[in-house]
Amino acid sequence: MTTIRISRLTHQFQHKPNRKLALSLSFFCCLLITGCGGGDSAASLPVTPVTPPATNLNSAQQFVSQQAVALQSLTQDQDFSELKPIADAIGKARIVQLGESSHGSGSMNQLKTRLIKYLHQHHGFNLIAFESSMFACNQGLEPQAAVAADVLMYSCIFGVWHTEEVLELFRYIKQTQNTDRPLRLAGFDPQLSGIENESTMRSFYQQALASLTASQRTDIINLALDVLSLQKDGVSCFRNDAAACARVKAQHADLKTRLSQAAAMLDGLTSAQGQLAYLLMISNQHAIDSQLNEANKNGRWIEARDLGMAANITGLLQRRYPQEKMLVWAHNAHIAEDFPWERLRSGNEKVMGMHLHQQWQDELFTIGLFMLTGQQADNNRNVTAVTPHQATSLEGLFMHLNHPVSFMRLPKTDQPGEGDDWLHQLYVYKDWGAQEQRAYLARSFDAVLVIRNNTAPRYLSGQ
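Here my numbering = 1-based position in the sequence shown + 39.
Simulated from the structure, these hints should not be mistaken for lab results.
Take the hints with a grain of salt, since some may be wrong.
[Stated by the list, open to error] So the derived label-pair ranges between C-beta atoms look like this: (1) Q216 - T412: 54 to 64 Å; (2) D116 - D280: 43 to 53 Å; (3) Q111 - A281: 49 to 59 Å; (4) S385 - A424: 27 to 37 Å; (5) A281 - N95: 50 to 60 Å; (6) Q400 - E203: 36 to 46 Å; (7) H442 - A289: 52 to 62 Å; (8) R241 - N279: 26 to 36 Å; (9) D280 - H442: 34 to 44 Å; (10) E457 - R220: 44 to 54 Å; (11) A184 - D293: 36 to 46 Å; (12) A303 - Q464: 15 to 25 Å.
[To be verified] Here are the computed lysine to aspartate or glutamate pairs in the EDC-like style, where the Cα-Cα straight-line distance is at most 16 Å: (13) K451 - D377; (14) K295 - E237; (15) K131 - D460; (16) K389 - E402; (17) K336 - D377; (18) K364 - D328; (19) K156 - E121; (20) K131 - D401; (21) K451 - D401.
Every residue, glycine too, gets a C-beta built ideally from N, C-alpha and C.
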């Protein structure tokens with residue numbers, strides 16, 4: 040286990056004053072780079088209506104009425120009996136992906152926290168992995184008594200989830216550490232989101248690579264710091280700093296070669312930290328590929344990152360947690376097992392869930408989360424209203440139900456009759472409460488959770 044001193048730094052964003060942890064680079068990426076949330080914020084993109092396919096509305100609504108199971112609570116954690124249909128649907132899957140149509144949903148944060156508690160307590164899911172830093176979230180800080188729940192949260196995840204609702208999950212993580220089955224914390228994103236800086240990286244690699252020579256350790260540390268510098272240049276490049284873009288392009292090939300050589304050197308390490316160091320060399324290759332795509336302005340900003348996230352999840356399960364079942368927390372657009380947007384389909388740009396499905400097949404179960412009414416927040420914490428839905432859209436078909444939450448498993452093959460035809464054709468759904476997309480929903484998700492009235496998060500201001 041690595042002991043890392045968590046410093047207090049002042050955050051550069053006005054709405055995020057005096058953060059407890061070194062989050063400036065990571066949250067900056069999340070605010071500005073659309074790949075962080077599977078899409079840009081609802082407030083900043085034009086909303087273009089999508090033409091829905093022809094649908095037998097009555098048949099589709101009847102199908103939804105017959106198949107959807109009502110859940111009454113977002114937060115009840117003393118009685119989980121109503122969640123049994125979800126566990127029955129999950130079956131023997133080893134990886135369960137829990138999505139969200141917006142990073143700014145207090146209700147989805149609450150519902151996922153409830154599900155995580157249930158699946159941990161009753162179905163052996165002992166690992167929660169966030170769409171956040173592969174480095175920061177895998178440092179093993181959760182068992183350390185000196186690391187409080189809020190500090191643990193700030194050390195790991197992107198600022199979009201620094202909320203009261205998610206803090207409840209981190210309190211639960213801490214509470215389980217003294218039990219015989221602690222809930223462990225992980226991250227799988229090649230991007231940075233928490234405690235990444237020169238000091239924490241030096242500390243980690245010095246301990247993780249203790250079996251190597253001093254010269255070898257120094258080379259790996261310098262390599263990790265060079266990658267960190269390139270990622271900072273990538274942020275500046277996104278802001279149209281031509282010199283930063285040029286540095287990314289000039290350094291990419293050399294760093295890629297050094298990372299590949301370092302991975303080969305570390306492949307045989309057997310300690311938990313040593314194996315994480317190996318996995319980080321793999322993750323960093325995807326990170327710098329993503330930065331190169333940005334520097335080349337080729338529009339393929341999701342491709343390298345999502346391939347890296349999938350590789351990181353598989354690496355963690357195969358090398359670090361070979362006996363564990365994992366819960367994955369990420370945006371719907373990342374977890375989808377088929378192209379979530381037509382733009383990605385036209386460019387054959389695959390997302391994380393597609394790579395995971397190819398690798399894990401029936402061991403993967405994917406649940407998309409959606410909202411019908413209420414409010415959501417974009418990545419800048421601007422609160423917006425959920426816009427009205429077309430009748431022939433995913434959300435529109437659930438509007439006639441009065442369930443606080445609806446759970447519905449999606450049939451993978453077209454059933455007799457017209458009721459489920461909409462699930463097997465390009466069909467309209469929404470990101471961020473306003474942005475209409477089209478996807479083959481039954482290919483993309485194994486099940487959906489649809490929240491009737493969504494609330495925006497209760498954000499933490501930090502100290």
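Now the hints, each set against the structure:
{"no.": "1", "hint": "Q216 - T412: 54 to 64 Å", "verdict": "38 Å, violated"}
{"no.": "2", "hint": "D116 - D280: 43 to 53 Å", "verdict": "47 Å, holds"}
{"no.": "3", "hint": "Q111 - A281: 49 to 59 Å", "verdict": "55 Å, holds"}
{"no.": "4", "hint": "S385 - A424: 27 to 37 Å", "verdict": "30 Å, holds"}
{"no.": "5", "hint": "A281 - N95: 50 to 60 Å", "verdict": "54 Å, holds"}
{"no.": "6", "hint": "Q400 - E203: 36 to 46 Å", "verdict": "37 Å, holds"}
{"no.": "7", "hint": "H442 - A289: 52 to 62 Å", "verdict": "56 Å, holds"}
{"no.": "8", "hint": "R241 - N279: 26 to 36 Å", "verdict": "32 Å, holds"}
{"no.": "9", "hint": "D280 - H442: 34 to 44 Å", "verdict": "49 Å, violated"}
{"no.": "10", "hint": "E457 - R220: 44 to 54 Å", "verdict": "46 Å, holds"}
{"no.": "11", "hint": "A184 - D293: 36 to 46 Å", "verdict": "43 Å, holds"}
{"no.": "12", "hint": "A303 - Q464: 15 to 25 Å", "verdict": "46 Å, violated"}
{"no.": "13", "hint": "K451 - D377", "verdict": "12 Å, holds"}
{"no.": "14", "hint": "K295 - E237", "verdict": "20 Å, violated"}
{"no.": "15", "hint": "K131 - D460", "verdict": "27 Å, violated"}
{"no.": "16", "hint": "K389 - E402", "verdict": "19 Å, violated"}
{"no.": "17", "hint": "K336 - D377", "verdict": "25 Å, violated"}
{"no.": "18", "hint": "K364 - D328", "verdict": "29 Å, violated"}
{"no.": "19", "hint": "K156 - E121", "verdict": "14 Å, holds"}
{"no.": "20", "hint": "K131 - D401", "verdict": "8 Å, holds"}
{"no.": "21", "hint": "K451 - D401", "verdict": "12 Å, holds"}
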